[in-house]
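Start from the sequences, fold in the hints, and give me the full structure.
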Amino acid sequence: MRLTHLTLTAFRSFQKCSLGLDAPRIVCAGVNGVGKTSVADAIRWVLTGACRGTDAKGAGAGHLIPEGAASAEASVTIQGLGAVARKYADGAGGFRVEGFTGTAQAQFQALYEHLGTTPAFVAAALDSSVFLDLTHVEAKALILSLLDVQIPVGSETITLDELERRYQRAFEDRRVAKKV
Numbered sequence: 108m109r110l111t112h113l114t115l116t117a118f119r120s121f122q123k124c125s126l127g128l129d130a131p132r133i134v135c136a137g138v139n140g141v142g143k144t145s146v147a148d149a150i151r152w153v154l155t156g157a158c159r160g161t162d163a164k165g166a167g168a169g170h171l172i173p174e175g176a177a178s179a180e181a182s183v184t185i186q187g188l189g190a191v192a193r194k195y196a197d198g199a200g201g202f203r204v205e206g207f208t209g210t211a212q213a214q215f216q217a218l219y220e221h222l223g224t225t226p227a228f229v230a231a232a233l234d235s236s237v238f239l240d241l242t243h244v245e246a247k248a249l250i251l252s253l254l255d256v257q258i259p260v261g262s263e264t265i266t267l268d269e270l271e272r273r274y275q276r277a278f279e280d281r282r283v284a285k286k287v
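Going from the sequence shown to our numbering is simple: count from 1 and add 107.
Derived by calculation from the structure, the hints in this document are not laboratory data.
The structure presented is a predicted model; accordingly, all values stated were derived computationally and were not measured.
Please note: incorrect hints may appear among the correct ones.
So the derived label-pair ranges between C-beta atoms look like this [claimed, not checked]: (1) 139 x 190: 24 to 34 Å; (2) 201 x 222: 18 to 28 Å; (3) 173 x 269: 41 to 51 Å; (4) 285 x 134: 51 to 61 Å.
Beta carbons: idealized from backbone N, C-alpha and C, even for Gly.
Here it is in structure tokens:
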């Protein structure tokens, strides 16, 4: 997943902001209080529904709206997919993915199916404190999926997921054989 653009409208300290993210590395620099962390929060909020100031389920999003504004909105553009946007106004949130249909929840699920990951993995990749809260198994899976580990087995190369499936199948076969 490669983010190419970020747009903020009345999000925390930003009234209107548009940032191109299509570079090998992006560095946000500035004095305290200018919004560096808010940029990261906006990306996390759009993609997971939660960020600093909200709970894990996104409750408290009203705190993202700057004084004098009626709503907060942020969107990111994902290369090869399009815009993903989240809005909060009047105590209710909205979520949409360009080219997807259905309820916000259905679009959210479809987004992660399309990306081949989970909201927890994205949150962990965007915020190290979330990563540190993952279980050992979840942290290991995240790291190995990010590294795209491939394992040579004979003449083929398999992924860790395939290795895990083979292990589970062998474990089950052994359990059945012991019963017999």
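Results of checking the hints against the structure:
Between residue 139 and residue 190, the C-beta spacing of about 31 Å keeps the proposed range 24 to 34 Å intact. For residue 201 paired with residue 222, a C-beta distance near 20 Å keeps the hint of 18 to 28 Å intact. The supplied range of 41 to 51 Å is met by residue 173 and residue 269, whose beta-carbon atoms lie about 48 Å from each other. Between residue 285 and residue 134 the beta carbons are some 57 Å apart, a value that agrees with the proposed interval 51 to 61 Å.
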